[in-house]
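Quick note on this note's numbering: the sequence shown kicks off at 1 and runs consecutively.
Some clues are possibly wrong.
Said to hold, decoys possible - In silico SDA-like cross-links for lysine to any residue, where the CA-CA straight-line distance does not exceed 20 Å: (1) K321 / S70; (2) K32 / I50; (3) K320 / Q87; (4) K247 / T300; (5) K214 / A201; (6) K247 / K216; (7) K321 / R90; (8) K144 / S95; (9) K180 / K199; (10) K144 / S254; (11) K216 / E185; (12) K320 / T300; (13) K172 / Q141.
Treat the hints as calculated values from the structure; they're not laboratory data.
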Amino acid sequence: MTSMDESDKELLNEIQWTFPLVTRPFDAIAEKFNTTPELIKERLNQLKEIGVLRQLSAIFDTRKLGYTSSLVAMEIEDDKLEYVASQINRHPGVSHNYERDHQFNLWFTLAVPPGADLKDELEKFNVLPGIKKVRMLPTLQLFKIGVKLDMVDDKKHKVAPTEEKKEVKNIKFEPTEDDKNFIRELQKDMEIIDEPFVKAAKNLGITEEELFKKMKYYEEIGVMRRFAAILRHRQVGFTANGMIVWKVPEDRISKVGETLGSFPQVSHCYERPTYADWPYNVFSMIHCKTHDEANEMAKTIQDQIHVDDYKILFSSREFKKTRVEYFVESSFSLEEKVPAS
């Protein structure tokens with residue numbers, strides 16, 4: 001656990017969800033915290049240096065951009081797990097890759113750009129040794145996506161479905177080359193300087209006013225989920241990252257998913273397909289500091305949604321955690337030589 005004072009934690013709580021889209025954002029944040037912009041910038045730079053603050057950037061919606069993605073579960077022979085994980089990590093569309101404590105011991109997300117076939121990309125991994133089973137688990141219904149780690153211990157939310165879902169305009173988005181350039185620029189990590197948006201506007205050949213207007217429009221139609229800080233979970237003490245999987249009766253899936261999505265402690269919630277050897281159809285992610293805390297939270301949630309059959313799969317190793325870089329050409333290849341069995 002990296003040492004931070006209470007003001008750091010308050011600051012991180014604030015900018016994980018809302019970041020001022022103005023010329024001098026650190027002035028606006030400083031005013032809110034009754035301090036100086038210099039101090040805000042200094043603290044954020046220090047939080048970057050110690051590895052707590054990963055990135056300040058726009059967070060885009062993969063599906064709205066025309067990308068196809070899926071969660072993938074694999075059962076891998078134990079002695080091949082690290083090698084297979086390292087090869088899967090080479091794929092530019094793999095953003096998260098974890099070992100989890102289950103028969104299906106490798107879980108990763110794979111996203112491919114418009115025009116690419118997800119199954120074809122996944123099949124490229126078939127040559128790797130030690131893979132016993134593969135289960136594609138694409139999103140059938142999205143109930144929630146948005147990580148916010150509650151940094152302030154004495155301000156813990158009650159474990160209850162209290163959040164309202166953010167409404168976005170249902171407009172089909174087909175990105176033009178200008179849109180792609182804009183997205184490439186805004187997904188970059190922002191510099192912590194007085195006027196950080198000037199460079200992006202200049203690179204795009206537009207005014208800052210036009211930049212902010214387009215960002216706000218993207219947010220309205222759900223292309224950009226938000227502009228915000230992204231933290232490194234483990235460095236701030238959230239080491240018990242639990243994927244709670246629920247076996248929900250078919251006629252209750254939508255209702256249970258919506259309720260789960262309204263718990264502030266749940267960062268992601270989806271309906272996914274089932275298989276003969278995988279009966280769980282609703283997935284929800286929680287981020288806690290201990291396994292005991294996560295188990296207690298799952299039980300509290302269970303008491304409110306009344307679903308008896310569930311499991312928590314904890315991530316025991318993080319092989320990769322990054323952001324998908326959208327509209328950036330990257331080639332993918334496995335290593336030439338596969339190690340002998």
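A quick look at each hint next to the structure:
Annotation: proposed proximity of K321 to S70 holds, straight-line Cα distance about 15 Å (limit 20 Å). A threshold of 20 Å between alpha carbons decides the hint, and for K32 with I50 the separation of about 24 Å lies outside it, so the pair is violated. For the hint linking K320 to Q87, the alpha-carbon distance of about 11 Å falls within 20 Å, and the restraint holds. Only pairs whose Cα atoms come within 20 Å are accepted, and K247 paired with T300 is accepted, the gap being roughly 17 Å.
The hinted pair formed by K214 and A201 meets the criterion: a straight-line CA distance of about 11 Å does not exceed 20 Å. For the proposed pair K247 and K216, the alpha carbon gap of about 38 Å is over 20 Å, so the pair is violated. For the proposed pair K321 and R90, the alpha carbon gap of about 12 Å is at most 20 Å, so the pair holds. With a C-alpha separation of about 18 Å, the suggested pair K144 and S95 falls inside the 20 Å cut-off, and the hint holds.
Annotation: proposed proximity of K180 to K199 holds, straight-line Cα distance about 17 Å (limit 20 Å). Distance restraint check for K144 and S254: the Cα-Cα separation of roughly 12 Å lies within the 20 Å cut-off, and the hinted pair is therefore satisfied. At roughly 15 Å between alpha-carbon atoms, K216 and E185 fall within 20 Å of each other, so this suggested pair holds. Pair hint K320 plus T300 does not hold up; C-alpha atoms about 30 Å apart against a cutoff of 20 Å.
Annotation: proposed proximity of K172 to Q141 holds, straight-line Cα distance about 17 Å (limit 20 Å).
The structure shown violates the earlier hints numbered 2, 6 and 12.
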